[in-house]
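Protein sequences appear in the order of chains A and B.
If you use this note's numbering, the first sequence corresponds to residues 1 to 323, in order.
If you use this note's numbering, the second sequence corresponds to residues 1 to 323, in order.
Do not take every clue at face value.
Which copy is meant is left open, because identical chains are indistinguishable; a pair holds if it fits in one copy or across any two.
[What the hints assert, rightly or not] Once the Cα atoms are required to be at most 30 angstroms apart in a straight line, the calculated BS3-like pairs of lysine-lysine come out as:
{"id": "1", "residue 1": "K5", "residue 2": "K316"}
{"id": "2", "residue 1": "K322", "residue 2": "K5"}
{"id": "3", "residue 1": "K272", "residue 2": "K322"}
{"id": "4", "residue 1": "K200", "residue 2": "K322"}
{"id": "5", "residue 1": "K200", "residue 2": "K295"}
{"id": "6", "residue 1": "K245", "residue 2": "K5"}
{"id": "7", "residue 1": "K316", "residue 2": "K100"}
{"id": "8", "residue 1": "K272", "residue 2": "K245"}
{"id": "9", "residue 1": "K58", "residue 2": "K5"}
{"id": "10", "residue 1": "K295", "residue 2": "K5"}
{"id": "11", "residue 1": "K272", "residue 2": "K112"}
{"id": "12", "residue 1": "K287", "residue 2": "K111"}
{"id": "13", "residue 1": "K186", "residue 2": "K322"}
{"id": "14", "residue 1": "K186", "residue 2": "K272"}
{"id": "15", "residue 1": "K5", "residue 2": "K296"}
{"id": "16", "residue 1": "K290", "residue 2": "K311"}
{"id": "17", "residue 1": "K55", "residue 2": "K5"}
{"id": "18", "residue 1": "K200", "residue 2": "K311"}
{"id": "19", "residue 1": "K55", "residue 2": "K316"}
In case anyone wonders, no lab produced these hints; they're calculated from the structure.
Number of protein chains: 2
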Amino acid sequence: MDEFKFIESITPNYYRQSSLMKGIGDDAAVVRPESGLEIVTAVDTMVEDVHFSLKTMKPYHIGYRVLGANISDLAAMGSNPAYYMVSIVIPSHWSDNQLKEIYRGMSDHAKKYRMDLIGGDTVSGNQLVVTVTVFGFVPNGRSRLRSHAREGDIVFVTGHLGDSAYGLHLLFGEKYSSDGAQYFTKRHQLPEPRVHFAEKLQMLNRLCLNDISDGIASEANEVAEASNVEIHLDYHLLPIRDELKEFPFDQQNEWVLSGGEDFELIGTVAEKDWPVVQDAAHSTNTKVTKVGYVKKEGQNSQVYLHAQQEKQILRKTGYVHKQ
Amino acid sequence: MDEFKFIESITPNYYRQSSLMKGIGDDAAVVRPESGLEIVTAVDTMVEDVHFSLKTMKPYHIGYRVLGANISDLAAMGSNPAYYMVSIVIPSHWSDNQLKEIYRGMSDHAKKYRMDLIGGDTVSGNQLVVTVTVFGFVPNGRSRLRSHAREGDIVFVTGHLGDSAYGLHLLFGEKYSSDGAQYFTKRHQLPEPRVHFAEKLQMLNRLCLNDISDGIASEANEVAEASNVEIHLDYHLLPIRDELKEFPFDQQNEWVLSGGEDFELIGTVAEKDWPVVQDAAHSTNTKVTKVGYVKKEGQNSQVYLHAQQEKQILRKTGYVHKQ
Numbered sequence: 001m002d003e004f005k006f007i008e009s010i011t012p013n014y015y016r017q018s019s020l021m022k023g024i025g026d027d028a029a030v031v032r033p034e035s036g037l038e039i040v041t042a043v044d045t046m047v048e049d050v051h052f053s054l055k056t057m058k059p060y061h062i063g064y065r066v067l068g069a070n071i072s073d074l075a076a077m078g079s080n081p082a083y084y085m086v087s088i089v090i091p092s093h094w095s096d097n098q099l100k101e102i103y104r105g106m107s108d109h110a111k112k113y114r115m116d117l118i119g120g121d122t123v124s125g126n127q128l129v130v131t132v133t134v135f136g137f138v139p140n141g142r143s144r145l146r147s148h149a150r151e152g153d154i155v156f157v158t159g160h161l162g163d164s165a166y167g168l169h170l171l172f173g174e175k176y177s178s179d180g181a182q183y184f185t186k187r188h189q190l191p192e193p194r195v196h197f198a199e200k201l202q203m204l205n206r207l208c209l210n211d212i213s214d215g216i217a218s219e220a221n222e223v224a225e226a227s228n229v230e231i232h233l234d235y236h237l238l239p240i241r242d243e244l245k246e247f248p249f250d251q252q253n254e255w256v257l258s259g260g261e262d263f264e265l266i267g268t269v270a271e272k273d274w275p276v277v278q279d280a281a282h283s284t285n286t287k288v289t290k291v292g293y294v295k296k297e298g299q300n301s302q303v304y305l306h307a308q309q310e311k312q313i314l315r316k317t318g319y320v321h322k323q
Numbered sequence: 001m002d003e004f005k006f007i008e009s010i011t012p013n014y015y016r017q018s019s020l021m022k023g024i025g026d027d028a029a030v031v032r033p034e035s036g037l038e039i040v041t042a043v044d045t046m047v048e049d050v051h052f053s054l055k056t057m058k059p060y061h062i063g064y065r066v067l068g069a070n071i072s073d074l075a076a077m078g079s080n081p082a083y084y085m086v087s088i089v090i091p092s093h094w095s096d097n098q099l100k101e102i103y104r105g106m107s108d109h110a111k112k113y114r115m116d117l118i119g120g121d122t123v124s125g126n127q128l129v130v131t132v133t134v135f136g137f138v139p140n141g142r143s144r145l146r147s148h149a150r151e152g153d154i155v156f157v158t159g160h161l162g163d164s165a166y167g168l169h170l171l172f173g174e175k176y177s178s179d180g181a182q183y184f185t186k187r188h189q190l191p192e193p194r195v196h197f198a199e200k201l202q203m204l205n206r207l208c209l210n211d212i213s214d215g216i217a218s219e220a221n222e223v224a225e226a227s228n229v230e231i232h233l234d235y236h237l238l239p240i241r242d243e244l245k246e247f248p249f250d251q252q253n254e255w256v257l258s259g260g261e262d263f264e265l266i267g268t269v270a271e272k273d274w275p276v277v278q279d280a281a282h283s284t285n286t287k288v289t290k291v292g293y294v295k296k297e298g299q300n301s302q303v304y305l306h307a308q309q310e311k312q313i314l315r316k317t318g319y320v321h322k323q
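Modelling step: build the complete structure from the supplied sequences, incorporating the hints.
Rendered as structure tokens:
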């Protein structure tokens with residue numbers, strides 16, 4: 001592969017964002033943010049045979065998904081996606097075409113949010129590694145931190161839980177050609193972060209959001225710890241697709257509680273602001289479900305799962321046990 | 001390795017930059033830039049046995065150097081370094097101590113410029129990969145682009161050329177314990193980007209800067225192409241340490257013209273502003289040498305090397321040939 005030609009082939013012909021002063025083609029990119037906006041930035045790395053495999057994803061999906069994971073971080077901060085940079089480690093057995101497909105997957109996903117590719121690095125190595133840095137903007141003071149949960153808040157989640165994990169399960173099996181199965185495999189391969197929903201909530205003074213990248217058990221615990229509150233979840237309220245309910249309870253639990261990468265959001269909001277969340281859900285065609293509430297009990301920051309009149313502690317790992 | 005414990009061990013206890021709203025510990029970091037400033041950002045990846053080897057560098061050097069390469073990009077844009085994020089792919093044979101040394105190298109280098117570590121990712125893989133994203137600030141409109149060279153400009157470089165390549169040569173040999181040799185090996189292992197010098201030039205309306213990461217042949221050609229000008233370099237003016245001159249001419253040339261990673265700067269500036277450059281050099285204790293001039297001849301964007309009354313074309317690769 002000719003590195004210069006390859007870089008040329010992935011360099012955009014035009015940029016969409018007006019705050020960009022200099023994109024690809026110098027020592028660094030330059031952005032002039034509008035006043036009143038903060039910059040939100042995150043980085044995420046995916047490694048072949050660790051985070052994905054060509055057995056369950058095409059190169060296009062890899063690109064779509066790695067950028068999606070990053071966009072989801074921007075959504076979870078309530079910010080508007082704007083830019084991304086891609087650093088890629090390329091093993092010699094990957095073809096130019098496969099690599100271009102990765103970039104096409106990213107580019108298609110970026111287009112949905114008018115994001116621009118503004119930089120990157122292309123190096124060789126013995127294992128494919130894709131590292132994406134993203135940038136978004138949020139009005140001053142409106143970033144949605146994990147530490148923003150307060151006593152009395154409603155806890156909600158977007159979409160359905162466990163879809164992506166179940167999709168991966170199907171991809172490892174034989175029977176994923178049915179229409180129903182395709183919904184789930186697509187949720188794994190082409191995840192859609194909740195950007196528009198989160199943007200619609202920018203009017204709220206306070207809101208806590210976290211994206212569900214490692215399963216609700218992990219993310220709810222992060223919120224509880226950062227906000228120093230108890231989170232109480234009602235298992236029967238968790239939005240789970242019927243298809244998953246046909247499986248043994250333990251298997252379901254693994255997908256729903258620990259199966260990450262749905263890139264849905266968990267949030268907490270004051271009861272008085274719940275109608276605003278419902279409006280945002282409605283206008284962006286997002287399913288939002290109330291799944292619990294926030295309680296303050298001294299310094300306790302556990303997550304509790306209520307089911308069949310029992311209250312159990314939900315650990316980060318998804319492990320559930322009695323008090 | 002316990003990932004959470006490791007991340008805890010590298011998370012800073014405090015932050016230095018006042019524009020930081022949220023550092024490590026949420027879905028993303030949040031920065032509120034001062035008004036009148038643009039954000040400059042770049043990403044750089046280093047792979048074990050491709051960009052570095054434990055045969056010639058200690059883990060501490062790897063960290064110091066990978067951040068240095070990024071800081072050099074910020075310097076080449078004339079910006080003030082502020083933040084960095086680190087994504088690392090860790091093979092199982094790397095020990096916790098070695099990894100901590102990489103981060104200590106970065107942290108020590110970051111401290112010199114009051115930079116804060118504000119995010120990252122830690123994943124496993126079969127080859128060590130370190131990807132660093134940096135952020136700096138520059139006054140509006142003062143970023144130092146490659147396209148800023150103009151006819152009549154003086155071309156200058158900082159420091160000496162070929163030091164790092166010669167240092168690597170010594171590291172592969174046996175005799176690098178002498179005091180003299182240590183200067184060169186240090187230039188390779190612990191490069192010092194020209195941040196303060198570039199900052200001192202922020203008062204200039206126009207200035208072209210490029211960091212010499214791939215050798216002056218490559219970087220001068222980048223400037224010539226981006227600015228659509230001829231660049232004329234005088235070989236006899238290039239700052240070369242005496243130690244290198246003891247080697248055959250071809251070997252010298254390789255180090256001086258193509259030996260990158262010196263992280264010195266090449267720049268072009270209007271003749272009337274040359275005293276400002278000299279003042280900045282003096283006040284920051286930086287060696288600056290005039291090495292040529294910029295000429296405009298139609299659409300020609302070649303780089304010429306003048307030596308022994310001959311004018312030859314200097315290609316990106318360092319290859320020199322007659323017209």
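Hint check results:
With identical chains, the CA atoms of K5 and K316 are at most 30 angstroms apart between copies only, with a shortest distance of 15 angstroms across copies and 46 angstroms within one. Proximity of K322 to K5 under the C-alpha cut-off of 30 angstroms is restricted to the inter-copy arrangement: shortest distance 26 angstroms between copies versus 60 angstroms within a copy. Neither within a single protomer nor between protomers do K272 and K322 lie at most 30 angstroms apart by alpha-carbon distance, with minima of 33 angstroms and 78 angstroms respectively. In the homo-oligomer, the alpha carbons of K200 and K322 never lie at most 30 angstroms apart, since the shortest distance is 39 angstroms inside one protomer and 63 angstroms across protomers.
When the C-alpha separation of K200 and K295 is checked against a cutoff of 30 angstroms, the pair qualifies only within one copy, where the shortest distance is 26 angstroms, while the shortest distance between copies is 54 angstroms. Proximity of K245 to K5 under the C-alpha cut-off of 30 angstroms is found in neither arrangement, the shortest distances being 50 angstroms within a copy and 36 angstroms between copies. With identical chains, the CA atoms of K316 and K100 are at most 30 angstroms apart between copies only, with a shortest distance of 26 angstroms across copies and 37 angstroms within one. For the homomeric pair K272 and K245, neither the shortest alpha-carbon distance inside one copy (33 angstroms) nor that between copies (77 angstroms) is at most 30 angstroms.
Taking the shortest Cα distances, K58 and K5 sit within 30 angstroms of each other inside one copy (23 angstroms), while across copies they are farther apart (34 angstroms). Taking the closest pair of Cα atoms, K295 and K5 come within 30 angstroms of each other only across two copies (28 angstroms); inside a single copy the shortest separation is 57 angstroms, beyond that limit. Within a single copy, K272 and K112 get their C-alpha atoms no closer than 32 angstroms, and across copies no closer than 48 angstroms, so neither meets the 30 angstroms cut-off. Taking the closest pair of Cα atoms, K287 and K111 come within 30 angstroms of each other only inside a single copy of the chain (23 angstroms); across copies the shortest separation is 46 angstroms, beyond that limit.
Within a single copy, K186 and K322 get their C-alpha atoms no closer than 36 angstroms, and across copies no closer than 58 angstroms, so neither meets the 30 angstroms cut-off. For a Cα distance limit of 30 angstroms, the shortest separation of K186 from K272 qualifies neither inside one copy, at 36 angstroms, nor across copies, at 62 angstroms. In the homo-oligomer, the alpha carbons of K5 and K296 lie at most 30 angstroms apart only across protomers (27 angstroms), although the nearest pairing inside one protomer, at 58 angstroms, exceeds that limit. Proximity of K290 to K311 under the C-alpha cut-off of 30 angstroms is restricted to the intra-copy arrangement: shortest distance 18 angstroms within a copy versus 76 angstroms between copies.
Within a single copy, K55 and K5 get their C-alpha atoms as close as 29 angstroms, which meets the 30 angstroms cut-off; across copies the closest is 32 angstroms, which misses it. In this assembly of identical chains, the alpha carbons of K200 and K311 never lie at most 30 angstroms apart, being 34 angstroms within a copy and 63 angstroms across copies at closest. For a Cα distance limit of 30 angstroms, the shortest separation of K55 from K316 inside one copy, 29 angstroms, qualifies, whereas the shortest one across copies, 41 angstroms, does not.
The structure shown violates the earlier hints numbered 3, 4, 6, 8, 11, 13, 14 and 18.
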